Amino acid sequence: MVLQNKYNELVTAATNSAVANLQVREQEGILYIDGEAPTGAVKDMLWSVYDKIDPNFLSGDLVMNINVIATAPVTKAKVTTERSNLNIRKGPGTDQPIVGKAAHHEIVTVVSQTSEQWWLIRTVDNEEGYAYAQYLTPELES
Amino acid sequence: MKKISISIAMMAFFTLAIAFTSCKSKVSDADVKTAVETALKADPMAVNTMVSVEKGVATISGECKDDACKTHCADLVKGIKGVKEVVNNCTVTPPVVNSTDDALTMGLTDALKDNPGVTGSVDMGKIVLKGEIAKAKWAALKQMLDKLTPKGYNLDGLTIK
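Those protein sequence lines, which keep their order, are chains A and B.
Each residue of the first sequence is one higher than the one before, starting from 1 at the first, in this note's numbering.
Each residue of the second sequence is one higher than the one before, starting from 1 at the first, in this note's numbering.
Hints were generated in silico from the structure; no laboratory data involved.
None of these values were measured; they are calculated from a predicted model.
Mixed in with the good hints there might be a few duds.
[To be verified] Far from chain A by the CB rule (all over 10 Å, computed), these chain B residues:
id	residue
1	S5
2	A30
3	K33
4	S61
5	D66
6	A68
7	K81
8	E85
9	D110
10	Q143
11	T149
[What the hints assert, rightly or not] Derived pair list, reagent style DSS-like, types lysine-lysine, alpha-carbon separation capped at 25 Å:
id	chain 1	residue 1	chain 2	residue 2
12	A	K52	B	K126
13	A	K76	A	K52
14	B	K84	A	K52
15	B	K41	B	K55
16	B	K84	B	K55
17	A	K78	B	K84
18	B	K26	B	K84
19	B	K55	A	K52
20	A	K101	B	K137
21	B	K33	B	K84
22	A	K90	B	K113
23	B	K161	A	K52
24	B	K55	B	K78
25	B	K41	A	K52
26	A	K90	A	K78
27	B	K130	B	K147
28	A	K101	B	K55
29	B	K81	A	K6
30	B	K147	A	K76
31	B	K65	B	K33
32	B	K78	B	K113
33	B	K147	A	K90
34	B	K147	A	K52
35	B	K161	B	K137
36	B	K81	A	K78
37	B	K147	A	K78
38	B	K113	A	K78
39	B	K65	B	K55
40	A	K6	B	K84
Backbone N, C-alpha and C fix where the C-beta goes; we use that ideal spot for every residue, glycine too.
Let the sequences and hints guide you as you build the complete structure.
Below you can see the structure in the form of C-alpha cells.
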C-alpha cells in the first residue's frame, strides 16, 4: 500500500479522466497501473503526473501501461521517427533481416498490430514486414 | 445515614453487575472487527482485504486474486464468533504476470537499438539500465519498456541529460 500512497495523485488523475479498465496492483514492491486512456492527451497527462511524482521515472518502482483506446481499427499510420527511415523487417525483432524501409513521415498501411512492440505494415511500394511500433503514429480515418 | 449509604452502594453494585452481564452476553462490534482483522491478516489469501462490522454484519472489501479466493475470504469471516452475516464486497483482481527474462531481453534489445548511449540487461525480471540518455528519448523508451511488464527497474547507473 506504500506505493499506492506515493502514486495516489496519478491513480486519482487516471480515475478522474475516464481511463477504462483501470487496474492498480501492488506486487512484490512494484506498482502496476494498466488501463486504456480515452485520448492521447490523457495518456500524455498521466505520464507528466508520473514524472512530477517521480522525477525522470528513476525510482523504477512503477510500471505503467496505458494505451489509447482504439475507437476504430488502426489501418493507417505515419512514420514518426526522429528523421531517419524506418526499418521494415522480416519478423518481429531487431535480429530479423531488414526487408525494406519506410520514409520519415510516410503514411503506411497497418496490416496487423502483432504485439505492443511490433506492427506488420505495408508501404506504398508494397513492401511488407514488421516495424517498431514506437515510431508509428496511428492516423485517424477521414 | 448508614442505611442510605448501604442502599447507594447496593444500587451501584447492581448497576455494575447489569453492565457486566450485558457485555458478556453479546460480543461488541469492535471486538468482532478485531477478531476478523486478525483472522484476515493471518491468511495469505486475504491479506489485501479490510473489514467493517455493524450490528454483527461484517462487510469485507479489498482485492482477491480470483473467485475462489473471494469465496474463501467470506467463509473465513463467517466462521468467526459474533459474525451474523457477511457482505462480500471484495473485487477480483488477477495478479500481474511478468514477462520471462528471455522475453524481456529480446524486447529490451529491440528498444535499445536506437539508444546507443544506453546499455541494458535483465536481472531476475528487473530491467537494469546504464549510460546516458536525453529526457525525451528516455520518456519514450520507458513507455515502450513498461509494455514488456518487467518486475521494475534498476536505474542507478542511468543519467538523464
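Exercise. Where does the structure disagree with the numbered hints, that is, which hint numbers, in rising order?
Worked result: 9, 10, 11, 13, 14, 17, 19, 25, 28, 29, 32, 36, 39, 40
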